[in-house]
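Residue numbers (the numbering used here), protein chains in the order written: chain A, 283 to 391; chain B, 21 to 249.
Just so you know, these hints were derived from the structure itself, not from any lab.
There's no promise every hint is true.
What the hints assert, rightly or not - Simulated crosslink set (SDA-like; lysine to any residue; CA at most 20 Å straight-line):
#, chain 1, residue 1, chain 2, residue 2
1, B, K245, A, I323
2, A, K369, B, K25
3, A, K388, A, Q353
4, A, K344, B, G37
5, B, K25, B, T138
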Amino acid sequence: MSNESIYIYGATLMMVIGTFSCRELPLLLLRGRKLPDWFNIWLKYIPTAIFGALIFPDIFLKEGALNFTLQNYGLWATVCAFPIVYKTRSLPVALVAGSVFFCIFKYVI
Amino acid sequence: MLFTKKVIQRAMPIYIGYLFLGLACGILGQQARISPLEAFVMSILAYSGSGQFICIAMLMDNASLFSILVTNFMVSLRYMFFSTAMYPHIKDCSLPYSMVFAQNITDETFAVNIDSFTKDKDWDVRQGLALGFSPCLVWASANFIGCAAAAWLNPPTELVSYILVAMFLGIWSGYLHDAALLTAGVAGGLLSVLLSFLVPFKLHIVLATLIVSAIACWLEVRNTKNVKK
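Construct all of the structure, not just a fragment, from the sequences and the given hints.
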């Protein structure tokens, strides 16, 4: 097996441990007892924080440095697409608007 | 596991959604040098839409396995909530059966199953498991096909990596119900950028998420207590 393959199967194993423990722990440990209130509040903030934490470095950084030039197509595409995506809250709209703006910045401007 | 016409009818929207998302996930996965077989295995075993998209983004970044594990654990925490809510309906099954059932809980199969258990007297765990597991096959096959097709189509890498960002943007927007959630997201983003200069192994994503969600949770718990007083 190549190193690449070992890395990907390693990542798969990590995914299995992550998803499996979260899905099974309530059956094995909680046995249906209610989760504490603070846990539910915490849970509410995780997805928004995680997607913010994923998106921002992707769009602001290029090769590890902040990049606000017009050549950072992803940044400007996101700036233009965000109001539409925020308004519609739709995954297909995000894909189409994002790709269209990206292509406009890359190929037209 | 019991396949009935009703299962297929109720799961149809999930099949269609997973087909397209799975194709997209496979195409993106190919850009992270995942083979069709690896994409299929990952989809069957992890069976987690946003988890897999995030994993692909981290593989493209050559993130450490540890940070992939912690990030994935955090995105999967919501399953704890789903499993807990599903518990009353599966508690009479054997432990292995209920564990297999729980492993087939996703956002979508949970929503349809919980709705069926509450509203339909004839709905049982055997149909519930069929409803949970059959979309997994669609998801994994679509991943395989998308991955194989991408290797053949060879789409422009720069655009494909941006499509992953656009996808995250779309998923993110679904969580932005109020100003507090938007603020937490933006704060998580800015902190993540800052931390990316300071911490190794792509741990900035996990750290930013942990810090921001913990502070937001603390603030909300404190505010609720103040209101009660």
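Cross-check of the supplied hints:
1. B:K245 to A:I323: holds, 13 Å
2. A:K369 to B:K25: violated, 37 Å
3. A:K388 to A:Q353: Holds - the C-alpha atoms of A:Q353 and A:K388 are around 8 Å apart, at most 20 Å.
4. A:K344 to B:G37: Violated - the C-alpha atoms of B:G37 and A:K344 are around 32 Å apart, more than 20 Å.
5. B:K25 to B:T138: holds, 19 Å
In this structure, the hints that do not hold are numbers 2, 4, in rising order.
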